[in-house]
Amino acid sequence: MTAPPILLAWIPFVQPIPLPSAARLWMFLPLAACVALVYRATRAYTARELPLATVRTFINIVVGMSLIAILAYAVDEGVRRFWSG
Amino acid sequence: MSAKRGPDVTTRMLGAGILAWLLPGAGHYALGQRGLAAVFFAAITFAYGTGLAIGGVRDSVNPKTNHWLFLAEIGVGSYTLAGFAGSAYVMRTAPDDVNLMSFYPGSDVAQIYLAVGGLLNLLAILDALARAQTGGLPVFHHELVRGTAAERGAP
Numbered sequence: 001m002t003a004p005p006i007l008l009a010w011i012p013f014v015q016p017i018p019l020p021s022a023a024r025l026w027m028f029l030p031l032a033a034c035v036a037l038v039y040r041a042t043r044a045y046t047a048r049e050l051p052l053a054t055v056r057t058f059i060n061i062v063v064g065m066s067l068i069a070i071l072a073y074a075v076d077e078g079v080r081r082f083w084s085g
Numbered sequence: 086m087s088a089k090r091g092p093d094v095t096t097r098m099l100g101a102g103i104l105a106w107l108l109p110g111a112g113h114y115a116l117g118q119r120g121l122a123a124v125f126f127a128a129i130t131f132a133y134g135t136g137l138a139i140g141g142v143r144d145s146v147n148p149k150t151n152h153w154l155f156l157a158e159i160g161v162g163s164y165t166l167a168g169f170a171g172s173a174y175v176m177r178t179a180p181d182d183v184n185l186m187s188f189y190p191g192s193d194v195a196q197i198y199l200a201v202g203g204l205l206n207l208l209a210i211l212d213a214l215a216r217a218q219t220g221g222l223p224v225f226h227h228e229l230v231r232g233t234a235a236e237r238g239a240p
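Going down the list, the protein sequences come from chains A and B. For the first sequence, this note's numbering gives the first residue as 1, with consecutive numbering after it. For the second sequence, this note's numbering gives the first residue as 86, with consecutive numbering after it.
Worth double-checking, as some hints may not be accurate.
Stated by the list, open to error - Residues from chain B shown here face chain A by an in silico Cβ test under 8 Å; the list is partial:
hint, residue
1, Val124
2, Ala128
3, Gly141
4, Val175
5, Pro190
6, Gly191
7, Ile197
8, Tyr198
Hint data in this document are derived by calculation from the structure and do not stem from the laboratory. Where a beta carbon is used, it is the ideal one built from N, C-alpha and C, also for glycine.
Model the full structure from these sequences, guided by the hints.
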């Protein structure tokens with residue numbers, strides 16, 4: 001079995017990976033996990049205390065950002081409905 | 086009698102800071118905190134690498150294309166210098182190749198990942214400096230002094 005020519009020709013970091021539009025929002029989750037992990041690591045004495053603290057911070061970030069997104073969406077809808085005629 | 090002593094605080098901080106800037110986690114590794122070093126390396130490399138893979142080096146690590154993004158990326162020294170060299174090479178050899186350019190939404194996501202990766206490493210550098218100063222504790226010396234004073238009931 002041979003790989004399709006497009007895969008053989010692909011050079012990582014030089015040729016960008018095409019990202020589907022639907023994936024854009026979901027890409028927030030791994031980034032939030034990275035931020036949570038690095039932030040908790042700066043407050044930790046050893047790596048052993050990280051897993052639980054990271055999960056807690058990750059949930060805080062996701063919930064906080066979701067609330068901001070909902071608020072921004074509501075404001076946007078409100079402006080469209082009541083101010084733009 | 087002469088006791089074996091390690092490098093002084095300034096040397097330790099300078100070494101840890103430069104190493105942490107060059108490679109995420111290297112500063113912590115040099116300070117003996119291997120677990121935290123692995124965590125910093127994995128998290129920051131993942132963020133930066135994902136951004137670079139989605140955006141490609143041509144426009145993602147190029148101060149002429151986006152100097153604010155480059156400023157954020159420079160927080161991770163070696164990755165950004167390597168990316169910049171790659172970008173310069175691509176601009177020289179295939180400046181108009183559309184296959185090497187990223188477009189919305191990929192370029193958008195790539196910029197966020199790269200900027201966050203660079204800025205997270207700044208946080209890691211500051212943490213390495215703090216730990217070099219305090220002998221491994223995740224706080225700066227003045228915070229330790231203030232904490233000790235508060236425990237003693239000093240104003």
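Status of the hints after comparison with the structure:
{"no.": "1", "hint": "Val124", "in the structure": "holds, 5 Å"}
{"no.": "2", "hint": "Ala128", "in the structure": "holds, 4 Å"}
{"no.": "3", "hint": "Gly141", "in the structure": "holds, 4 Å"}
{"no.": "4", "hint": "Val175", "in the structure": "holds, 7 Å"}
{"no.": "5", "hint": "Pro190", "in the structure": "holds, 4 Å"}
{"no.": "6", "hint": "Gly191", "in the structure": "holds, 4 Å"}
{"no.": "7", "hint": "Ile197", "in the structure": "holds, 7 Å"}
{"no.": "8", "hint": "Tyr198", "in the structure": "holds, 6 Å"}
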